[in-house]
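Participant: In case you want the letters, here they are:
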Amino acid sequence: MADQVTYPGRLIAIDGSRGKDVAVAAGDLVAALKRDGIECVVSRWDASGLFTDLEAGSRGDRNVSIRTLSLVYAADLAFRLRWEIRPVLEAGGVVVAAPYTDTAATFGTVCGLDAEWLRQLLRFAPAADLRGLAQERKIDAPWKRRTDRGYPEYGALMLEAGAPKRVSKAGRRRMMELLDRARGRTLFHLSNKGIGLLQKALTDSRTEASRRSASRPRNGRK
Amino acid sequence: MPRTPTPKQLRRLIAEREESRGLLIAFEGPDGSGKTTQRKLLTRWLESENHDVVSTRWASSALVKPMLKVRKKIRTLSIEEYSLLHAVDFRHRVETSILPALWAGKTVLADRYLFTALARDAARGLDLDWLLHAYSPLLWPDLVIYFSMTPEDSRRRIASTRAPHFYEAGQDVTGIDDPLASYGRFIDRVVTEYENLSVVFQFVTVDAGDAVYRQHTRVRELVAKAEKRPWSTFSEEAVEEWLIKSHIQDA
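Note that the protein sequences, when read in sequence, are chains A and B. Residue numbers for the first sequence follow this note's numbering, so the first one is 144 and each next one is one higher. Residue numbers for the second sequence follow this note's numbering, so the first one is 1244 and each next one is one higher.
Errors might be hidden in some of the hints.
[Stated by the list, open to error] Computed footprint of chain B on chain A, listed as stretches where at least three residues anywhere in the stretch have a Cβ under 8 Å from a Cβ of chain B: (1) 189-197; (2) 206-214; (3) 221-230; (4) 257-269.
[Unchecked claim] Calculated Cβ distances over 10 Å to all of chain A for the following chain B residues: (5) Q1252; (6) R1264; (7) T1286; (8) P1309.
[Claimed, not checked] DSBU-like mimics (lysine-lysine), calculated; alpha carbons at most 35 Å apart, straight line: (9) K1315(B) x K287(A); (10) K343(A) x K177(A); (11) K281(A) x K308(A); (12) K1251(B) x K1315(B); (13) K287(A) x K308(A); (14) K1283(B) x K1251(B); (15) K1283(B) x K1308(B); (16) K1471(B) x K1316(B); (17) K287(A) x K1468(B); (18) K1316(B) x K1468(B); (19) K336(A) x K163(A); (20) K1251(B) x K1349(B); (21) K177(A) x K287(A); (22) K177(A) x K336(A); (23) K1468(B) x K1251(B); (24) K308(A) x K163(A); (25) K312(A) x K336(A); (26) K312(A) x K281(A); (27) K281(A) x K336(A); (28) K1471(B) x K312(A); (29) K163(A) x K1471(B); (30) K1283(B) x K308(A); (31) K1349(B) x K163(A); (32) K308(A) x K1308(B); (33) K177(A) x K281(A); (34) K308(A) x K177(A); (35) K163(A) x K1308(B); (36) K1251(B) x K312(A); (37) K1471(B) x K287(A); (38) K312(A) x K287(A); (39) K308(A) x K1251(B); (40) K1316(B) x K163(A).
In short, the hints are calculated from the structure, not lab data. Glycine residues also receive a C-beta, built at the ideal position from the N, C-alpha and C atoms.
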């Protein structure tokens, strides 16, 4: 059932334990690519507005579980794939997805979900060609509980009542460890040097079309 | 803060609650099959028998309903987004209304349950394995009453009352402009999926073509002799997850 999807474009995933750091890393990478004459599109968390609407709908009653939040993340990602990511990849462009699947997978795992459940849930998203890890700042600080920074910060706020230990400083440290584990693919740490290396890898990889395994959960019925 | 219960403690809590917990009954069937009428009749009967009854309807969670409604109205949902948002609604209702009511000994009547999502989304072309995964861990109903009717009858009943909505008619996948014509094609697939699910999940079938009172009599009989599907065998993971969350919040 795992179909291979071929796109002429390139997908760069940037993940991290703090939304602010992911946004900064994406901005730095885009600027560096622009200097090289490579235009790219950035796909950001909550492009669908689902998380914003969810917060508004909760009216302060934050009785939401990590499983519910992960499902919302998947719905938001499906939106981003449809409107922001796939069209650019199909047109041969470069997309920076900041954040992508690893942020949701590692945050969910830290908050007590089974990693395999998360992997299967997000399997409709094509694998990234290149993976970058945002340079983590304030590494000894817990997440700020706020809705406008990024998924982990949003999750920390929404889960404060239901899983306070998991969204603590130790939880963030655990997420950083999980993110740092490269899984069969080079992981670029996005310092100045890392951005340069990722740029080079992107230029090298653009010579041939990529085949990435994506498993769109469709049964082929028309 | 008290410690999170150990797996052993959780299993004990679940086993101890098995006898006093409420019954979960799901009403399933195509549109126009009379589920809501039967659910209301059963509610009245159960209440007259001094049961505490809680009803839960499809896509009704206060948290998700507004955002789902807006997106359905402007027809912007892809098949995956449509499916995932219903999964969000379902999970939130399981955690905040269905499980708390069952735990408190109330009977829960679900006017559509996850089988609606499985049938509709599979009919839209999504993979059943992935769907089951998105809805897991499953909270199995003790009884699933399936109001059976042919796609033609469903279409006729809907046509006599209203024009189906865009997603209800499956216009997002059929591409047919006329809502009723689209519904006719879409419901055919939905009923096929329901029939497959009825075998796997052991639905009890009621003929939706029968007189309302006869259906109600049959529903009463089914409920009166319904046995609980033990949580420890069928739904342990779902109940444990909820217990951990509730334990922390209550602490």
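Participant: Decide, hint by hint, whether the structure agrees.
Facilitator: Hint check results:
Only residues whose beta carbon comes within less than 8 Å of a beta carbon in chain B count, and the stretch 189-197 of chain A has 4; three or more means the coverage holds. With a cut-off of 8 Å between beta carbons, the stretch 206-214 of chain A has 6 residues touching chain B; three or more are needed, and the interface restraint holds. Only residues whose C-beta sits within less than 8 Å of a C-beta in chain B count toward coverage, and the stretch 221-230 of chain A has 3 of them, enough to reach three; the restraint holds. For the stretch 257-269 of chain A, the assignment as covered by chain B holds, since 5 residues bring a beta-carbon within under 8 Å of that chain's beta-carbons and 3 suffice.
Distance to chain A confirms Q1252(B) as a non-interface residue, since its nearest Cβ pair spans about 16 Å, more than 10 Å. Remark: the non-interface label on R1264(B) is consistent with the geometry, its nearest Cβ contact in chain A lying 20 Å away (cut-off 10 Å). At the 10 Å boundary, the C-beta of T1286(B) stays outside the reach of chain A, the nearest C-beta of that chain being 25 Å off. Residue placement check: P1309(B) does not keep its beta carbon more than 10 Å from all beta carbons of chain A (closest about 5 Å).
With a CA separation close to 33 Å, the supplied pair K1315(B) and K287(A) stays within the 35 Å bound. For the suggested pair K343(A) and K177(A), the alpha carbons sit about 13 Å apart, so the restraint of at most 35 Å is met. With a C-alpha separation of about 19 Å, the suggested pair K281(A) and K308(A) falls inside the 35 Å cut-off, and the hint holds. As the CA atoms of K1251(B) and K1315(B) are separated by approximately 44 Å, the hinted pair breaks the 35 Å bound.
Taking the CA atoms of K287(A) and K308(A), the gap is near 14 Å; set against the 35 Å cutoff, the hint holds. Pair hint K1283(B) plus K1251(B) does not hold up; C-alpha atoms about 39 Å apart against a cutoff of 35 Å. Between K1283(B) and K1308(B) the alpha-carbon distance is near 22 Å, which keeps this suggested pair within the 35 Å criterion. Proximity of K1471(B) to K1316(B) is assessed by CA-CA distance (about 39 Å); at most 35 Å being required, the pair is judged violated.
Between K287(A) and K1468(B) the CA atoms are separated by roughly 53 Å; this puts the pair beyond 35 Å, and the hint is violated. With a C-alpha separation of about 42 Å, the suggested pair K1316(B) and K1468(B) falls outside the 35 Å cut-off, and the hint is violated. Pair hint K336(A) plus K163(A) holds up; C-alpha atoms about 20 Å apart against a cutoff of 35 Å. Taking the CA atoms of K1251(B) and K1349(B), the gap is near 25 Å; set against the 35 Å cutoff, the hint holds.
Only pairs whose Cα atoms come within 35 Å are accepted, and K177(A) paired with K287(A) is accepted, the gap being roughly 32 Å. Between the alpha carbons of K177(A) and K336(A) the distance comes to roughly 16 Å, so the proposed pair stays at or under 35 Å and holds. Distance hint between K1468(B) and K1251(B) is fulfilled; the C-alpha atoms sit about 32 Å from each other, no more than 35 Å. Simply put, K308(A) and K163(A) have alpha-carbon atoms about 22 Å apart, close enough for the 35 Å limit, and the pair holds.
Under the criterion of a C-alpha separation no larger than 35 Å, the hint pairing K312(A) with K336(A) is consistent with the structure, at around 28 Å. As the CA atoms of K312(A) and K281(A) are separated by approximately 11 Å, the hinted pair is consistent with the 35 Å bound. Between K281(A) and K336(A) the alpha-carbon distance is near 20 Å, which keeps this suggested pair within the 35 Å criterion. With a C-alpha separation of about 43 Å, the suggested pair K1471(B) and K312(A) falls outside the 35 Å cut-off, and the hint is violated.
Taken as a hint, the K163(A) and K1471(B) pair is broken in the structure, with Cα atoms around 49 Å apart against an allowance of 35 Å. Among the hinted pairs, K1283(B) with K308(A) is inconsistent with the structure: their alpha-carbon atoms are about 43 Å apart, more than 35 Å. Our distance criterion of 35 Å between C-alpha atoms is broken by K1349(B) and K163(A), whose separation comes to about 46 Å. Simply put, K308(A) and K1308(B) have alpha-carbon atoms about 30 Å apart, close enough for the 35 Å limit, and the pair holds.
Distance restraint check for K177(A) and K281(A): the Cα-Cα separation of roughly 28 Å lies within the 35 Å cut-off, and the hinted pair is therefore satisfied. Between K308(A) and K177(A), the direct Cα distance comes to roughly 42 Å. Violation of the 35 Å bound is thereby established for this hinted pair. Distance restraint check for K163(A) and K1308(B): the Cα-Cα separation of roughly 30 Å lies within the 35 Å cut-off, and the hinted pair is therefore satisfied. For the proposed pair K1251(B) and K312(A), the alpha carbon gap of about 28 Å is at most 35 Å, so the pair holds.
At most 35 Å may separate the alpha-carbon atoms for a hinted pair to count; K1471(B) and K287(A) exceed this at roughly 44 Å. A distance of roughly 10 Å separates the Cα atoms of K312(A) and K287(A); the hinted pair therefore holds under the 35 Å criterion. Pair hint K308(A) plus K1251(B) holds up; C-alpha atoms about 21 Å apart against a cutoff of 35 Å. At most 35 Å may separate the alpha-carbon atoms for a hinted pair to count; K1316(B) and K163(A) meet this at roughly 34 Å.
The earlier numbered hints that this structure contradicts are 8, 12, 14, 16, 17, 18, 28, 29, 30, 31, 34 and 37.
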